[in-house]
Amino acid sequence: MSGQELGQRGEDLAAAHLTRLGWRLVCRNWRCPRGEIDIIAVDDQALVFCEVKTRAGLGYGDPLEAITYAKVTKLRELASYWLQTNPVRGAVRFDAIGVVIERGCEPRLSHVRGVTT
Amino acid sequence: MTFARAWSVALVGVEGRLIEVEAYLGGGLPRTVIIGLADASLAEARDRTKAAVLCAGFRWPPQALTVNLSPATLPKTGSHYDLAIVAAVMAALGDVPVDSLEATVLLGELGLDARVRPVRGVLPALLAAADRGLTRAIVPALQVGEASLVEGLSVWGVQTLGEVAAVLRGEPVVSAPPEIAVAARPADSADLRDVVGQAEAKFALEVAAAGRHHLFMTGPPGVGKTLLAERLPGLLPELDLAEALEVSAIHSLTGEPLEAGLIRRPPYADPHHSASIASMVGGGAMVALPGSVSKAHRGVLFLDEAPEFSPKVMEALRVPLESGRITLGRSLATTTYPARFQLVMAANPCPCGRYGVKGAQCHCPPMSVRRYAERLSGPVLDRVDLTQRLLPMRRSYLRAVVGTGEDSRAVAARVLAARERQAHRFRGHFWRTNGEVPGPELRRRYPLPDGVEILDAAVATGRLSARGVDKVLRVSWTLADLDGAERPLAQHLHTALALRCGDDGRNDGRA
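In order, the protein sequence lines correspond to chains Z and X.
Note that my numbering has the first sequence beginning at 1, numbered continuously upward.
Note that my numbering has the second sequence beginning at 118, numbered continuously upward.
The hints are simulated quantities; they were obtained by calculation from the structure and are not laboratory data.
A virtual CB, placed ideally from N, CA and C, is assigned to each residue, including glycine.
Keep in mind that the hints are not guaranteed to be accurate.
Chain X is faced by these chain Z residues, among others (derived, beta-carbon under 7 Å) [said to hold, decoys possible]:
#, residue
1, 58
2, 62
3, 65
4, 67
5, 96
6, 100
7, 112
The shape of chain Z in the complex, shown without the other chains (with noise of 0.2 Å):
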C-alpha cells in the first residue's frame, strides 16, 4: 500500500467512524491554494474541522504524535478560509483522529476532541 493509498485509507475509515457517531459529514478533503482540510463534519455541538493522520505501524511513533502544534496551527488558519467561504453560525472546534493500519491487525483508531484547547 503506498503513502497515499494508506492516508486514502485512514481518512475512509476516520469518516466512517463519525458516521457511526452519527455526525454529518459537511466536506472531505476541501482544497485550497493554501493546503487541504480532511473533514468537516456537524456533530450535535458544533462544527468540527478534523485533522486526520494515519500510518502503518507505530514504529515511529503514535499518528497523533506527528499532528504537531504547526499543523494544528495550519489547520485552523485553513478553517477560517472555509468559514469566509461558507458562512455558519455557532461553535466551531478542532479534532484530530489518528489511525493505525497494520497488516494482519485490525485498524485501531483514537479520536482527541478539541486540540486547540
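Put chain X on the given structure of chain Z with help from the hints.
Here is chain X on its own, set in the frame of chain Z:
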C-alpha cells in the same frame, strides 16, 4: 487510572525534602509537560524517560501527560527524578500497581537504553525519606551499598527499568549482581615512620592531632612539610556514627562513591593554591555545592604553599573557621554546609625558600621576604594554635634513615587516649576538644596551669597577644592530656609557649 503518584527527594544542601511526583493523563494530543520549578537537567527528563520507557518495551501514553513535582515552589534540580517520574507514569497507565508506590522512594537517572544510572546524594536523600516514614527504596544497583547505610528502609538495587517494574509488581528480580569496583583505598598507607627525622615537627603534629589544633608549618622546600600534613589524618581517631553520617552525606553529595560503607576515617582535602573561592567554600549556579572546607568537615584541610593562595580565598576561610559551617546564598536556595575542619598550612620562609636556613644562601631581597610572609592572612594566622619551624636534615640523615621513629599507630594510640580525656572533661558541652573550647570558658571553668606568670612576661614583652594567651592555655591542656596529667604543669606551659611562637631555641629574641 489516569492519575498516580510516586516519591522522590530534593536536596537543599545536605537536607532532603520529600517530593511528590504526580502523573496525570489528560487526553488530548500527545505531549508531556513537567511542571513544578524544574531546572534544565530535570526538564530533559521528559525526553530521557520517554525513550527509556519505549526502549524497555513499555508504553508511553499517546495523550497529554502532565507531571507535577510538589511542593511546586521548591526549586528542583538534577536527573535523579527520572525513576519516580517513570514509575508514576506507568502506574497512571496501569502498567504497575498504584499502591506499590505508596511508601517507596525512587532515585535514579535513566539512560536512553533504559539502564538505571547512579546519582549524587543517595545517602542524604534516603536519610530524609526514612525520616518521613517511607519504608522502601529503589536505587541504582551500584549504590545499594550506600543506600543500605540508612536504617529502616528495605533497599532494592535496580540495573534497568524492567527491574524497576518487576520490583513494583512484586515479581522476582533476576539479575546478575552489579560489578562494584571497590576502589582499593590506600588505607592509611602514609605512615609517620616514612618521614625521616623532624622529631619536633612530629611532636607538634601529635599535639595538633590530640587537641585538634590548627597547625602552621614553615620551612625550606623538601624538609617534609607536605609529608607530615598527609600523615595527620592517620593520627586522628575514627569518626563516631553521627560524624560519619555527616561526612558521608557531604561526600555523597559531591558524587563520591560510598559503596565501601560509611566514611569512618577523618577526610583530608588539599586544594591547590590556584583554588577559587567557590571551590574552597562551595559554590555553583542556583544551588551551591560543597567546597573543600566542607569536604574536610571533621577532617583535615591542608593548604600547601599557603602564601600563594589568593588573599580573598584565605579571607573566605575566616567564617567557617569561626562557626564550623558555611552558608551560601544562591538565586534558588540558601544552603548551609557543615565545615568544621582542622586547618594545616605550610609555607616556605621566602620565595626562594632558603631564608633563615643555616649554611644556605637566600637571594631574596629583604623586602620580598617580608612581603611573602605578609601575604598570609593575619586573621587566619591568628586562629593557628601551633607554629612549627622545620629545619633541613643535617649529618644524621643517613643514620636516621635506618633508625626511624615511631609509626603512626603508636602515636594514634596516644592521641586517642588524650581525646578520651578531653571527651570526659568536656562531657555535656558542645565543644569536644581543647582546640574548640572558647577562651573565656577555658579560663573560668578549668584550673590554670602552674607557673602561669611566664605568660604575663610574654605578654609584657609583646611576644604574645592577649588572644595568644588562650591559645597557649589550650595547647598546654592538650600536652597535659597527652601526658595523662590532671591539669597542665609548668613544663606543659613552657612547651605550649614554644609551640605557639614557633621557637626552636635558636631564634630566641628574633621571633
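We went through each hint and held it up to the structure:
1. 58: violated, 9 Å
2. 62: holds, 4 Å
3. 65: OK, holds: residue 65/Z within 7 Å of chain X, min 5 Å.
4. 67: This interface hint holds because 6 Å falls under the 7 Å limit.
5. 96: With a minimum Cβ separation of about 6 Å from chain X (threshold 7 Å), the hint on residue 96/Z holds.
6. 100: Where the cut-off is 7 Å and the nearest Cβ of chain X is about 10 Å from residue 100/Z, the hint is violated.
7. 112: holds, 6 Å
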